[in-house]
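Number of protein chains: 2
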Amino acid sequence: MEHQEIMTTYLAAFIRQLSAMGIRYAVVSPGSRSTPIAMLLAEHPDFQIYMDIDERSAAFFALGLAKEKRKPVVLLCTSGTAAANYYPAVAEANISRVPLIVLTADRPHELRNVGAPQAIDQIRLYGTHVKWFEEMPLPEAEEEVLQFVRQTAARAVVTALQQPAGPVHLNFPLREPLVPVLKPSPFAGEVPVPAIENFSGTLRLSEETVEIVAKEIREKDRGLIICGPIDIPGFAEAVVALSEKTGYPVLADPLSQLRSGRHGKERIIENYDSLLKDPKWAGRLAPNVVIRFGAMPVSKPLTLLLKKVKTAAHYIVDGGNGWRDPVKRGTTVVYSDEIDFCKKLSNIIVMNPVSEWFTMWEKLNQQARQIVTASLEVEKTFDEGKTVTELAAALPDGSTLFVGNSMPIRDVDTFFQATDKKIRILANRGANGIDGVVSSATGVSAGCGKAFLLIGDLSFFHDLNGLLMTKMHKLNLCVILINNNGGGIFSFLPQADEPEKFEQLFGTPTDLAFEYAVKMYGGSYIQPQNWDQFRAALSEYKGGLQVIEVRTNRAKNVETHRKIWSQVSREMERYFQGEQQ
Amino acid sequence: MEHQEIMTTYLAAFIRQLSAMGIRYAVVSPGSRSTPIAMLLAEHPDFQIYMDIDERSAAFFALGLAKEKRKPVVLLCTSGTAAANYYPAVAEANISRVPLIVLTADRPHELRNVGAPQAIDQIRLYGTHVKWFEEMPLPEAEEEVLQFVRQTAARAVVTALQQPAGPVHLNFPLREPLVPVLKPSPFAGEVPVPAIENFSGTLRLSEETVEIVAKEIREKDRGLIICGPIDIPGFAEAVVALSEKTGYPVLADPLSQLRSGRHGKERIIENYDSLLKDPKWAGRLAPNVVIRFGAMPVSKPLTLLLKKVKTAAHYIVDGGNGWRDPVKRGTTVVYSDEIDFCKKLSNIIVMNPVSEWFTMWEKLNQQARQIVTASLEVEKTFDEGKTVTELAAALPDGSTLFVGNSMPIRDVDTFFQATDKKIRILANRGANGIDGVVSSATGVSAGCGKAFLLIGDLSFFHDLNGLLMTKMHKLNLCVILINNNGGGIFSFLPQADEPEKFEQLFGTPTDLAFEYAVKMYGGSYIQPQNWDQFRAALSEYKGGLQVIEVRTNRAKNVETHRKIWSQVSREMERYFQGEQQ
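Chains as they are written, first to last, in the working numbering: chain A, 1 to 581; chain B, 1 to 581.
Accuracy of the hints is not assured; some may be wrong.
When the alpha-carbon atoms are kept at most 25 Å apart in a straight line, the in silico DMTMM-like pairs for lysine to aspartate or glutamate are as follows [unchecked claim]: (1) A/Lys380 <-> A/Glu559; (2) A/Lys501 <-> B/Glu2; (3) A/Lys265 <-> A/Asp221; (4) B/Lys183 <-> A/Glu500; (5) A/Lys71 <-> A/Asp340; (6) A/Lys328 <-> B/Glu140; (7) A/Lys501 <-> A/Asp511; (8) A/Lys556 <-> A/Glu500; (9) A/Lys471 <-> B/Glu503; (10) B/Lys474 <-> B/Glu43; (11) B/Lys308 <-> A/Glu2; (12) A/Lys307 <-> B/Glu2; (13) B/Lys310 <-> A/Glu176; (14) B/Lys421 <-> B/Glu266; (15) A/Lys519 <-> B/Asp511; (16) B/Lys471 <-> A/Glu500; (17) B/Lys183 <-> A/Glu498; (18) A/Lys501 <-> B/Glu43; (19) B/Lys308 <-> B/Asp278; (20) B/Lys519 <-> A/Glu515; (21) A/Lys307 <-> B/Asp121; (22) A/Lys328 <-> A/Asp231; (23) B/Lys71 <-> B/Glu43; (24) A/Lys501 <-> B/Glu190; (25) A/Lys265 <-> A/Asp397; (26) B/Lys300 <-> B/Glu573; (27) B/Lys542 <-> B/Glu390.
Quick caveat, the hints were computed from the structure, so don't treat them as lab data.
Work out the full structure: start from the sequences and follow the hints.
Given below as structure tokens:
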């Protein structure tokens, strides 16, 4: 066989196996060395190809798409720094447990480390940030090699999906000429190859072990179920059932997917961030048992409360057997499927579902909700908190909302109230970067057809390139851009008291008229002048790229937030005084 | 001492030592964890701070600045994916030997791998792509630790600069509170600390070793001195002198800094790319000795010629003791300072400076130059080759030109003729990525006051964010944007014959109106309609950001290039026929 035939046979075997394993999406960046893989992916009838010129954007796009689909997405780029551009998204995927199959084309061995163009050391390029790395062999058409290639494709899919899910990296050395043989198509009229099946067990505790947990819980009446970012279908029902059996309220991070949906919302506490802002109430709200699911919640006051509580039994339940305990108060780390754990524990516990403890949380939560809602209702000027409540009200049932890091996710945490509408809320909360957010949201929109994105101006700027995908692939993304002209989060930090260097180092105002960028990408741009116009822009959104820019003021925003929190604190004072009488 | 005082003492010792070692520039991205380093850098009177919101851009900006200054530049960012964004520029700096001092702030040990926010594994984050990594200790104010910190700062500078120069990475774990003590300023009224001196030897061959080289050379009359990318002051004079003594012509890559400047241009051959395009003349032009300096030249025909010549003595001279021989024809790898090698060899060799061999190259070079010049002179429509010749004519003496990868650097190679004007030509030719080019050029402009950038549309799009620095720091960058709406280089590759998938996978037209982006960044935008307008735009450039967009056609461009090369080949046919008669 000729070189090009051998290469085609070898790569076709790989791609056919990816397809047999159910992979359907590939995000590809143009390049020379990756030519045969790109052309064969495009030739195979099963793959939808998203071309993305900027590899950093491409990787975040794939991350968003994989997150939305809960399935691995293929990434493909050429050799050299192109592959290094994937690094931020790969690191994020690794921590936030998103399955990615990263394919990098590489120079063959004889062109490595000898000054050849576009060659960097790609062996273990992503270091500890991938679950698995494999240096692929040079193309051969021997059956043993082809079977290795099929096995590796299957294994890449299984490994990326295995809990905790994450990115895997395969590096393909390829020689010129790089054009594969497509006539006849290697996939034409083919008998489908079978997948290499993977039967994978689930972490389940024995009845005896669950009884140990139950025994401890039965004695404790001040329990909290705390749910951080977690996205497992069926978890909401299971954890609400556990709450009913234990009588413990459920503190639900916006990324726990518990604040919205059809499940019962009576046991969901979503205003704990406001309730815990004033540390003087920490004693009253301190639990004696904590059951945590998912990653750490975004709320800093909650983190501080957990830190203070040194004597509580503190369970950290993780089906991906992580040790996600930055507060270091965990007394038992439970490696178990979360739903199985909830069900088994619910089966053997019967406590008072509306204990005094539960009722206190319920009442305080309602009060906080009223204060937040009432304060924001009368707010005439553009405010970041009110943007969240207005957005929450406007989002249609069944929407998907992507939330930027830094301030937006904190604002959503504080101000997004529980609702029966189904709203899936997603964010990049592995490493919490402000990078790649536009691209991730765009990838999500590719997955579910339409997405909303709430984002700050620095983060929006950081990933402006990500908007190109909405143009090139006709995707539907409605961006709610909160523009406070700089890094709003720093106004909440101690450096805000050093006005001399503050604007230079932290405020970093860019004074950009984003309208131009939106026009360049063929989107529509609206800068509402009042809340009515804001609501109208949201409700009239039909599709394509639309950017609604809300101009806010960093100083004013800090003020509004602090005002609400002090109102909440005063209300709590009243509550606890009334209790004492 | 309090935590903040200790942290301030520790970091001030580090920064003071960087200053003592002569470091003057820091490129900083906003972030929380890096707060104390950023504030202390800003507090120190010696540092010029460039704030850059996008860390990928920041790293390429620092790369450009360091390249221009031939001095290390400090990079600083916060923890998490921010640091991963540096990866492409770090990989480029490592191969192209640009000194960078990368400082990443990190979470302290107790917040690593435990699910804390904005924490990724930063230990050896850049793998094999940095020269040196050091995990710094937590801040302490013990004298022994402070002395270690000073030593590490000094060593970072020395290591980054030591041949081959490159990036180093120091990772700083820092605890909250993160605001340093600036009142009183730790740098106020201070006695300057002494630098830790470094006396570093130069690689020099013994007289005996040089005589071995000279002995071989004296017997060979068909020698070529080939200079790839190299940027060492004084090298031009030394290598021209060597050419005069040996009678060998100097084939000069545009990045060898030999095509322009005050040194003698009589011995410089710059049209070898056109001369060697038609492989049928390879036999006539084949050398029996090759002396190579610098990285591999960009010219593919030259690479192919070197591959064909299997019996020539082939010296690869590298003061950075690399083994940069992708054609694998090196017979002797010389680790020596390039200038010292040229001088020593020149001292002991006297051959005919205008041998038949030299005269042949000289004549052919002149003929090729005439053909290129004449063909382009009559070209009325916008053409990529003519853009280069027009630009070369318009560039003022003393200019700096940054050249994008993919087609622009190849066009400059083919069409940029030798000139007595001093024009420094720079590019990212380590890994040859199309990423980060705008930012690198912007960094160069920060270093030398004003820069010109020749770039293609995909590369320009890839790093559009880089333009923000021209706005935020009032830099002078004149961009000549060659917009052929997609990946022009692929039209020269075999996949161009697969029209079905070509535009989707390789052409990737974006149809972007870049005028909007330029406006957003406060630049001026010109789209000339004819060559007169193009010339006027260049000659009237006063400063700030200016983008001159030249619209070309990919297919037409391939045609023009090929027409010129076939003319050159016909002319060579005539030359060699005449010679035979």
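Right, here's what the structure says about each hint:
1. Only pairs whose Cα atoms come within 25 Å are accepted, and A/Lys380 paired with A/Glu559 is accepted, the gap being roughly 14 Å.
2. Our distance criterion of 25 Å between C-alpha atoms is met by A/Lys501 and B/Glu2, whose separation comes to about 23 Å.
3. Between A/Lys265 and A/Asp221 the CA atoms are separated by roughly 21 Å; this keeps the pair inside 25 Å, and the hint holds.
4. Restraint check for B/Lys183 and A/Glu500: the C-alpha separation of about 12 Å stays at or below 25 Å, so the hint holds.
5. Note on A/Lys71 and A/Asp340: the hinted pairing holds, with a Cα-Cα distance of about 22 Å set against a maximum of 25 Å.
6. Under the criterion of a C-alpha separation no larger than 25 Å, the hint pairing A/Lys328 with B/Glu140 is consistent with the structure, at around 24 Å.
7. Annotation: proposed proximity of A/Lys501 to A/Asp511 holds, straight-line Cα distance about 18 Å (limit 25 Å).
8. For the proposed pair A/Lys556 and A/Glu500, the alpha carbon gap of about 19 Å is at most 25 Å, so the pair holds.
9. For the proposed pair A/Lys471 and B/Glu503, the alpha carbon gap of about 16 Å is at most 25 Å, so the pair holds.
10. Between B/Lys474 and B/Glu43 the CA atoms are separated by roughly 22 Å; this keeps the pair inside 25 Å, and the hint holds.
11. This hinted pair checks out: B/Lys308 and A/Glu2 have alpha carbons roughly 22 Å apart, not beyond 25 Å.
12. Distance restraint check for A/Lys307 and B/Glu2: the Cα-Cα separation of roughly 22 Å lies within the 25 Å cut-off, and the hinted pair is therefore satisfied.
13. Annotation: proposed proximity of B/Lys310 to A/Glu176 holds, straight-line Cα distance about 21 Å (limit 25 Å).
14. Of the supplied pair hints, the one linking B/Lys421 and B/Glu266 holds, its CA atoms being roughly 14 Å apart against a limit of 25 Å.
15. Restraint check for A/Lys519 and B/Asp511: satisfied, since their Cα atoms lie roughly 12 Å apart, inside the 25 Å limit.
16. Of the pairs offered as hints, the one joining B/Lys471 and A/Glu500 holds, with about 21 Å between alpha carbons and a cut-off of 25 Å not exceeded.
17. Proposed proximity of B/Lys183 and A/Glu498 is supported: the alpha carbons are some 11 Å apart, at most 25 Å.
18. The straight-line distance between the Cα atoms of A/Lys501 and B/Glu43 is roughly 9 Å, inside the 25 Å bound, and the hint therefore holds.
19. Straight-line distance between C-alpha atoms of B/Lys308 and B/Asp278 comes to about 14 Å, which keeps the hinted pair within the 25 Å bound.
20. With a CA separation close to 10 Å, the supplied pair B/Lys519 and A/Glu515 stays within the 25 Å bound.
21. Taking the CA atoms of A/Lys307 and B/Asp121, the gap is near 24 Å; set against the 25 Å cutoff, the hint holds.
22. Pair hint A/Lys328 plus A/Asp231 holds up; C-alpha atoms about 24 Å apart against a cutoff of 25 Å.
23. Between the alpha carbons of B/Lys71 and B/Glu43 the distance comes to roughly 22 Å, so the proposed pair stays at or under 25 Å and holds.
24. Of the pairs offered as hints, the one joining A/Lys501 and B/Glu190 holds, with about 21 Å between alpha carbons and a cut-off of 25 Å not exceeded.
25. In summary, the hint linking A/Lys265 to A/Asp397 is supported, as the alpha carbons are separated by about 16 Å, within the 25 Å threshold.
26. Restraint check for B/Lys300 and B/Glu573: the C-alpha separation of about 21 Å stays at or below 25 Å, so the hint holds.
27. A threshold of 25 Å between alpha carbons decides the hint, and for B/Lys542 with B/Glu390 the separation of about 18 Å falls inside it, so the pair holds.
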